[in-house]
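Undergrad: Residues per chain are reported as follows:
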Amino acid sequence: MRIALFVTCLADTLFPEAAKATVRLLERLGHQVVFPADQTCCGQMHINTGYPDDALRLVRRHVQAFAPYDVVVAPSGSCVGSVRHQHAAVARRAGDERLASRAEQVARHTYELSELLIDVLGVTDVGAYYPHRVTYHPTCHSLRMLRVGDRPLRLLREVRGLDLVELPDAEQCCGFGGTFAVKNADTSTAMLADKMRHVLATRADVCTAGDASCLMHIGGGLSRLRAGVRTVHLAEILASTEPVPAGGSTSEGGPVRAPDREARR
Amino acid sequence: MTETFLGMPATAPAGVGNLRGDEPFPVAARRALADAQLRRNLRHATGTIRAKSAAVIGEVPDWPELRAAGRAIKSDTMARLPELLEQLEAAVTAAGGTVHWAADAVEANRIVTDLIRAAGADRVMKVKSMATQEIGLNEALEAAGITPVETDLAELIVQLGRDRPSHILVPAIHRNRAEIREVFLREMPGVDPALSDEPAALAAAARRHLRETFLSTRVAVSGANFAVAETGTLAVVESEGNGRMCLTLPETLITVMGIEKVVPSWDDLAVFLQLLPRASTGERMNPYTSMWTGVTPGDGPQAFHLVLLDNGRSAVLADEVGRQALHCIRCSACLNVCPVYERTGGHAYGSVYPGPIGAVLSPQLTGVEENASLPYASSLCGACFDACPVMIDIPSVLVHLRARHVAERRAAHRTPSAEAVAMAAAAYTMDHPRLYAAAQRAAGLGRLAGRALPPPLNGWTASRDVPAAPPQTFRQWWAERRSES
Numbered sequence: 001m002r003i004a005l006f007v008t009c010l011a012d013t014l015f016p017e018a019a020k021a022t023v024r025l026l027e028r029l030g031h032q033v034v035f036p037a038d039q040t041c042c043g044q045m046h047i048n049t050g051y052p053d054d055a056l057r058l059v060r061r062h063v064q065a066f067a068p069y070d071v072v073v074a075p076s077g078s079c080v081g082s083v084r085h086q087h088a089a090v091a092r093r094a095g096d097e098r099l100a101s102r103a104e105q106v107a108r109h110t111y112e113l114s115e116l117l118i119d120v121l122g123v124t125d126v127g128a129y130y131p132h133r134v135t136y137h138p139t140c141h142s143l144r145m146l147r148v149g150d151r152p153l154r155l156l157r158e159v160r161g162l163d164l165v166e167l168p169d170a171e172q173c174c175g176f177g178g179t180f181a182v183k184n185a186d187t188s189t190a191m192l193a194d195k196m197r198h199v200l201a202t203r204a205d206v207c208t209a210g211d212a213s214c215l216m217h218i219g220g221g222l223s224r225l226r227a228g229v230r231t232v233h234l235a236e237i238l239a240s241t242e243p244v245p246a247g248g249s250t251s252e253g254g255p256v257r258a259p260d261r262e263a264r265r
Numbered sequence: 001m002t003e004t005f006l007g008m009p010a011t012a013p014a015g016v017g018n019l020r021g022d023e024p025f026p027v028a029a030r031r032a033l034a035d036a037q038l039r040r041n042l043r044h045a046t047g048t049i050r051a052k053s054a055a056v057i058g059e060v061p062d063w064p065e066l067r068a069a070g071r072a073i074k075s076d077t078m079a080r081l082p083e084l085l086e087q088l089e090a091a092v093t094a095a096g097g098t099v100h101w102a103a104d105a106v107e108a109n110r111i112v113t114d115l116i117r118a119a120g121a122d123r124v125m126k127v128k129s130m131a132t133q134e135i136g137l138n139e140a141l142e143a144a145g146i147t148p149v150e151t152d153l154a155e156l157i158v159q160l161g162r163d164r165p166s167h168i169l170v171p172a173i174h175r176n177r178a179e180i181r182e183v184f185l186r187e188m189p190g191v192d193p194a195l196s197d198e199p200a201a202l203a204a205a206a207r208r209h210l211r212e213t214f215l216s217t218r219v220a221v222s223g224a225n226f227a228v229a230e231t232g233t234l235a236v237v238e239s240e241g242n243g244r245m246c247l248t249l250p251e252t253l254i255t256v257m258g259i260e261k262v263v264p265s266w267d268d269l270a271v272f273l274q275l276l277p278r279a280s281t282g283e284r285m286n287p288y289t290s291m292w293t294g295v296t297p298g299d300g301p302q303a304f305h306l307v308l309l310d311n312g313r314s315a316v317l318a319d320e321v322g323r324q325a326l327h328c329i330r331c332s333a334c335l336n337v338c339p340v341y342e343r344t345g346g347h348a349y350g351s352v353y354p355g356p357i358g359a360v361l362s363p364q365l366t367g368v369e370e371n372a373s374l375p376y377a378s379s380l381c382g383a384c385f386d387a388c389p390v391m392i393d394i395p396s397v398l399v400h401l402r403a404r405h406v407a408e409r410r411a412a413h414r415t416p417s418a419e420a421v422a423m424a425a426a427a428y429t430m431d432h433p434r435l436y437a438a439a440q441r442a443a444g445l446g447r448l449a450g451r452a453l454p455p456p457l458n459g460w461t462a463s464r465d466v467p468a469a470p471p472q473t474f475r476q477w478w479a480e481r482r483s484e485s
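If you read the protein sequences in the order shown, they are chains A and B.
The first sequence begins at 1 in our numbering and counts up one residue at a time.
The second sequence begins at 1 in our numbering and counts up one residue at a time.
No wet-lab data here; the hints were simulated from the structure.
Small disclaimer: the values here were computed from a predicted structure and weren't measured.
A couple of the hints might just be wrong.
[Unchecked claim] Simulated DEER-style distance windows between Cβ atoms:
| # | chain 1 | residue 1 | chain 2 | residue 2 | range |
| --- | --- | --- | --- | --- | --- |
| 1 | B | ASN458 | A | ASP125 | 42 to 48 Å |
| 2 | A | ARG154 | B | ALA95 | 58 to 64 Å |
| 3 | B | GLU198 | A | ASP169 | 55 to 61 Å |
| 4 | A | VAL34 | B | GLU369 | 30 to 36 Å |
| 5 | A | VAL71 | B | GLU369 | 41 to 47 Å |
| 6 | A | HIS85 | B | ALA55 | 26 to 32 Å |
| 7 | A | ASP163 | B | ALA425 | 44 to 50 Å |
| 8 | B | GLU142 | A | GLU171 | 43 to 49 Å |
| 9 | B | GLU198 | A | GLU158 | 48 to 54 Å |
| 10 | B | GLY145 | A | GLY178 | 48 to 54 Å |
| 11 | A | GLU171 | B | ALA118 | 53 to 59 Å |
| 12 | A | ASP163 | B | ARG207 | 53 to 59 Å |
[What the hints assert, rightly or not] Chain B is nowhere near these chain A residues, computed Cβ spacing over 12 Å in every case:
| # | residue |
| --- | --- |
| 13 | LEU56 |
| 14 | TYR69 |
| 15 | ARG98 |
| 16 | ARG102 |
| 17 | ARG108 |
| 18 | ARG154 |
| 19 | LEU192 |
| 20 | LEU215 |
| 21 | GLY219 |
Don't be surprised by glycine CBs; every beta carbon is placed ideally from N, CA and C.
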C-alpha cells in the first residue's frame, strides 16, 4: 500500500526518530511510504490558542498536500484529531465551504499510527522486539478525540521481549495541553507531577505514548528529576527488531536494530 | 400573559453578583496549588464521586441514548425559548403563582427584596441555589437588613465559615470534616463543645440548628432545577430533605430561576431525572425531588413568586457555538473529572460556576474580556465532554471562546499583542516550506542548553527540560536518504 506520511511539525523538528521509525516500520511491513514535501504544520496550535484565522492558510496547505493520497498516517493522535475534528470547522468559519468539504475528505483518509496498523493494515503483531519494561500513557486526544481505545496496547502486547506494566490513573491528562503548559505553567506542572509519580510507581524503564508532544512534556519532567526513565514514541518501539548478526544500522535505544536499507528494497 | 421586552442581549452587569474573580486564573491557581490540605481534600472528594458515578452509569445500558436525548431536548428548548417561557408564565399564573421577569442581577435582587419586605419578613431561609449565588442575593438581602439562612448543609458550612462555595453541587468540597467541625464550634450558636468530626455528629448538629429556622421562618427563597412549561410545575432536586422543608413549610415561596431551566414537558423531565443523579452524586435515583405547581389552598406556601432571570443568558444564546453552555443541568460531573479542577479547586475560577462548565459559562455571561483567563484554564483533555450527561462539547466551546477573546482584543487595540504577532509570523513561516525548513535548522543551531528559556517560555523550563535538538530534522533525513538511493 502507498501511504503518505503526515510527519507533524513537532516530530519533524524535534523528534525525527519517531517519524523515521514510522517509515521503517511501514516499509518493513511491505508498504511504500511517501513524504509530501509541501506539508508543514496542521495548525492545531493556532486553532487551540485562539488564532483560527491564522490557521486557515495552514489548513489549506495541509489539505492541498494530502488530498492526492488515499491513505495518510501520522505518529500523533493529537494532530490527527485536529485534522479530523477541527480543519473543516476552521474552513467553515472562514466561509470556505469547498475547503471544508475537501478537509473532510482528507480527514476520512487520515489515521493515527495504531489505527492504521490495526484497522487498515489488519496487523497487531508487527514483528517487533523490545526487551524493556514499558508503561503506556494513553494521550488525551488519541483516547477521547480519536477513540483509539486499546489498539496501542494490543500492538505492544505482541512485541517480543517487552514487559508491559499498567500505568495507574492512566487516562488522566499529563498536563501538556499545548500553550496551556506555558500559560498555566503551575497547574500544568501539578498535573505532570502526578503523572510522573504514577510512571515511577510502575518501575518501568520506558514510558511510551502515541504523541511526541505529551512525551516531550513527561520526558522533560522526568529528565529534570534525573529519574532514569526514558520516554519513547510508540512507533520507535514497534519499529525495533531483534539485532541482526552483521551490518545494519542501530536504531535509537540500545540493543535494537532496524533492518538494512537494502532489505527494504 | 404580559408582554415584556427583555432588551438586546446584554451581559451580566459588573459590581453585583459572583461571576467575576479578583484575579486571573493562573494567579489564583498558583495560591491554591500551594495548599497541600486543599489538594488532599479535592483529590479524595473528586476521586470518590468519580468512582461512584462511573459505577452507577455503568449499570444503564442506554446511557448514550439518554445523553443524546438530553442534548436534543435542550437544543429544542433553546431554539424556542421565548415561546416556552411565555407558556411557563401562563401556566404558573393560571395555577395561582406570580411571574416576574428580571433582566439582570440588580433587577432580580430588587424584586426578591421587595417581595420579602412586602411579606413583612426580615429573615428568609434558603434552598441551595446557584442562581441566587450568581446574583449575590445574600449580599443584597443583608444590605437591605434581611437575614438569609442557608439550609443546605454544605451551603450552611460555607455561610457559617464566611467562605465561598467552590463546587456547584458540593459547595464545601474544599473542606474536610475536621475543618467543618472547627467552623461549627466557632460559629454555630449553642453547639455541643464536645462535638466530634464524625459525619453523623456534624449532620445532627446542623439538624438541631436548622430545625428552629424551618419552623419559625415565614419566607423561603429557592432556585429551580427544572420548570415544566406545559403545566407550570417547578422542580427542585436535593439529597437532604432540607430543601423540601423550605419548599413546603413557609407562607411565601420565592423561586429564582435562570431562563434556561425550562423544559417543554413532563416526558422531557423524565430524561433529566434519570441523567442528573447518576452524573452528579452517583445515585441511581435522586433522594428528594420536590415539585409544585403554583399554589394549592391549604397545602404548602400560599404565595408563590417565580423570578425568571436572564443576567447574560440571552447573550449566551446569541452565540451559535457557545449557546450549548446553557444546556447545563448543574450536575458537576465535569468538575469531578477535570484534572485542572481537581488540583486548583473552585475558588481559582473566581465565579460561582467553576470547573470546565464555569470556564465556558462565566465568560459568556459576563463578556469574554471580563473573564479572559478562564477559556485558557484547560488542557483540552476532553474528560469533561465525555462526562457531560447532556453532551456539551466543552473543549470546542473553550477553543471558540479563545478565538473570540483574540478577535475582541484585536478589535479593541490598535497594536497587536506580542502573541498575535508571533502567531501570525509562525503561520506565515509554516505556509512557506523553504522558510519553514530554514527556521527548523535555526531552532536546532540556536538552542541554548535547555534549562532556562526567556519569558513566556520560562513557564516550561521552570519544571521541565527542553529536549536536545536532533542532529537533523526528519525532512533533512528524508532528502538525504532519497539522494543516497
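Undergrad: All the hints need checking, so say for each whether the structure fits it.
TA: Going through the hints against the structure:
Distance hint check for ASN458 of chain B and ASP125 of chain A: the Cβ-Cβ separation is about 45 Å, which falls inside the suggested range of 42 to 48 Å. A hinted range of 58 to 64 Å for the beta carbons of ARG154 of chain A and ALA95 of chain B is consistent with their spacing of about 59 Å. Under the hint 55 to 61 Å, the C-beta atoms of GLU198 of chain B and ASP169 of chain A, about 30 Å apart, miss the expected range. Under the hint 30 to 36 Å, the C-beta atoms of VAL34 of chain A and GLU369 of chain B, about 47 Å apart, miss the expected range.
Between VAL71 of chain A and GLU369 of chain B the C-beta distance comes to about 45 Å, which sits within the given range of 41 to 47 Å. Separation of HIS85 of chain A from ALA55 of chain B is about 30 Å and conforms to the stated range, judged on CB atoms against 26 to 32 Å. Separation of ASP163 of chain A from ALA425 of chain B is about 46 Å and conforms to the stated range, judged on CB atoms against 44 to 50 Å. For GLU142 of chain B and GLU171 of chain A, the hinted distance range of 43 to 49 Å is satisfied, since their beta carbons lie about 45 Å from each other.
Remark: the range hint 48 to 54 Å for GLU198 of chain B to GLU158 of chain A is upheld by a beta-carbon distance near 53 Å. At about 51 Å, the CB distance of GLY145 of chain B to GLY178 of chain A agrees with the hint of 48 to 54 Å. Checked against the hint of 53 to 59 Å, the C-beta distance between GLU171 of chain A and ALA118 of chain B comes to roughly 54 Å, which is consistent with it. Taking the beta carbon of each, ASP163 of chain A and ARG207 of chain B are about 55 Å apart, inside 53 to 59 Å as hinted.
Against the 12 Å criterion, LEU56 of chain A falls within the reach of chain B, whose nearest CB is about 8 Å from its own CB. The Cβ of TYR69 of chain A sits about 16 Å from the closest Cβ of chain B, beyond the 12 Å cut-off, so the non-interface label holds. Distance check for ARG98 of chain A against chain B: the nearest CB is about 19 Å away, which clears 12 Å, and the non-interface claim stands. Here ARG102 of chain A stays apart from chain B, with its beta-carbon at least about 17 Å from theirs, past the 12 Å limit.
Distance check for ARG108 of chain A against chain B: the nearest CB is about 20 Å away, which clears 12 Å, and the non-interface claim stands. For ARG154 of chain A, the requirement that its beta carbon stay farther than 12 Å from each beta carbon of chain B is met, with the minimum near 22 Å. Distance check for LEU192 of chain A against chain B: the nearest CB is about 7 Å away, which does not clear 12 Å, and the non-interface claim fails. Its closest Cβ contact with chain B, about 9 Å, brings LEU215 of chain A to no more than 12 Å, contrary to its assignment away from the interface.
Not every CB of chain B is more than 12 Å from the CB of GLY219 of chain A (nearest about 7 Å), against its label as outside the interface.
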